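Chains U and E, in that order, give the protein sequences.
Under my numbering, the letters of the first sequence match residues 1 to 110, in that order.
Under my numbering, the letters of the second sequence match residues 1001 to 1111, in that order.
Keep in mind the hints are simulated off the structure, nothing from the lab.
Keep in mind the model is a prediction, meaning the values are calculated, not measured.
Wrong hints could be hidden among the right ones.
Unchecked claim - Just some of the chain E residues that point at chain U, by a computed CB distance under 8 angstroms:
#: 1; residue: A1029
#: 2; residue: Y1032
#: 3; residue: P1034
#: 4; residue: L1040
#: 5; residue: K1042
#: 6; residue: P1044
#: 7; residue: L1046
#: 8; residue: D1049
#: 9; residue: S1052
#: 10; residue: G1055
#: 11; residue: F1089
#: 12; residue: S1096
#: 13; residue: Y1097
#: 14; residue: F1101
#: 15; residue: G1102
#: 16; residue: G1104
In this text, a Cβ means the ideal position worked out from N, Cα and C, and glycines have one as well.
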Amino acid sequence: DAGVTQSPTHLIKTRGQQVTLRCSPKSGHDTVSWYQQALGQGPQFIFQYYEEEERQRGNFPDRFSGHQFPNYSSELNVNALLLGDSALYLCASSSDRTQYFGPGTRLTVL
Amino acid sequence: GENVEQHPSTLSVQEGDSAVIKCTYSDSASNYFPWYKQELGKGPQLIIDIRSNVGEKKDQRIAVTLNKTAKHFSLHITETQPEDSAVYFCAASGGSYIPTFGRGTSLIVHP
């Protein structure tokens, strides 16, 4: 049984560009959450998707948006990239309150 | 919102010693407390969790204790091994089911 998978593993973009990150949840999980983890910090909650809708959102600007597909996979989109968006982006899936994380996508903004 | 404080930020022990990491939380409505281990270049891995109706939980060399009155919880690792070296995160969540994480503890186990 595959766990949570994310793609790509690494990404380099320049300021002002747009990026799309992808996540496939653990089998049997219907809820996907996205987190941003800056170096030396704990994960910060961006938003959560359930039944293809954004259910909850953390304190992130509208430049951060997402989508969930009928097969429960999800995308995170970030527009107008800033240097400060450089971080590890984590996807977590769940079917109850226990969240299981993927390996993350390392985004570097130059 | 919830605020989780975690100490220490770095913990260095000799192989075979015990390690203790402590966390406090602010929201009395929080009732679920997971602990995650994150190795370099990987995502956080759930190692143990505890719910508010339980005071202590053990899984082999790992144990977690919860004091709801004082709003603090701790992770105890006994007989540490070099492969225990990693960053450990505590978290707390309530009705929203969204965990708030501490800033992490870097555990270094010296052979």
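The hints, checked one at a time:
The interface hint given for A1029 of chain E is violated, since its Cβ lies 14 angstroms from the closest Cβ of chain U, which is over the 8 angstroms cut-off. With a cut of 8 angstroms, the hint placing Y1032 of chain E at the interface with chain U holds, because the nearest CB-to-CB distance is about 6 angstroms. A hinted interface residue such as P1034 of chain E counts as satisfied when its beta carbon comes closer than 8 angstroms to some beta carbon of chain U; here the least separation is about 7 angstroms, so the hint holds. Among the interface hints, the one on L1040 of chain E is violated; its C-beta lies about 11 angstroms from the nearest C-beta in chain U, farther than the 8 angstroms criterion.
The criterion of a C-beta within 8 angstroms of any C-beta in chain U is met by K1042 of chain E, whose closest approach is roughly 6 angstroms, and the hint holds. For P1044 of chain E, the interface hint holds, the least distance from its beta-carbon to any beta-carbon of chain U being 5 angstroms, beneath 8 angstroms. Interface hint at L1046 of chain E: satisfied, since its Cβ lies 6 angstroms from the closest Cβ of chain U, which is below the 8 angstroms cut-off. Using the Cβ-Cβ criterion of 8 angstroms, the hint placing D1049 of chain E at the interface with chain U is satisfied: the shortest such distance is roughly 7 angstroms.
Contact between S1052 of chain E and chain U, as hinted, is not supported at the beta carbon level, the nearest pair being about 12 angstroms apart and thus beyond 8 angstroms. Taken as an interface hint, G1055 of chain E does not check out: its beta carbon lies about 19 angstroms from the nearest beta carbon of chain U, beyond 8 angstroms. Because the beta carbon of F1089 of chain E sits about 5 angstroms from the nearest beta carbon in chain U, less than 8 angstroms, this interface hint is met. For S1096 of chain E, the suggested interface contact is upheld, since its CB lies about 6 angstroms from the closest CB of chain U, less than 8 angstroms.
Because the closest C-beta pair between Y1097 of chain E and chain U is about 4 angstroms apart, less than 8 angstroms, the hint holds. Interface hint status for F1101 of chain E: upheld, as the beta-carbon distance to the closest one in chain U is roughly 3 angstroms, under 8 angstroms. Using the Cβ-Cβ criterion of 8 angstroms, the hint placing G1102 of chain E at the interface with chain U is satisfied: the shortest such distance is roughly 6 angstroms. For G1104 of chain E, the interface hint holds, the least distance from its beta-carbon to any beta-carbon of chain U being 6 angstroms, beneath 8 angstroms.
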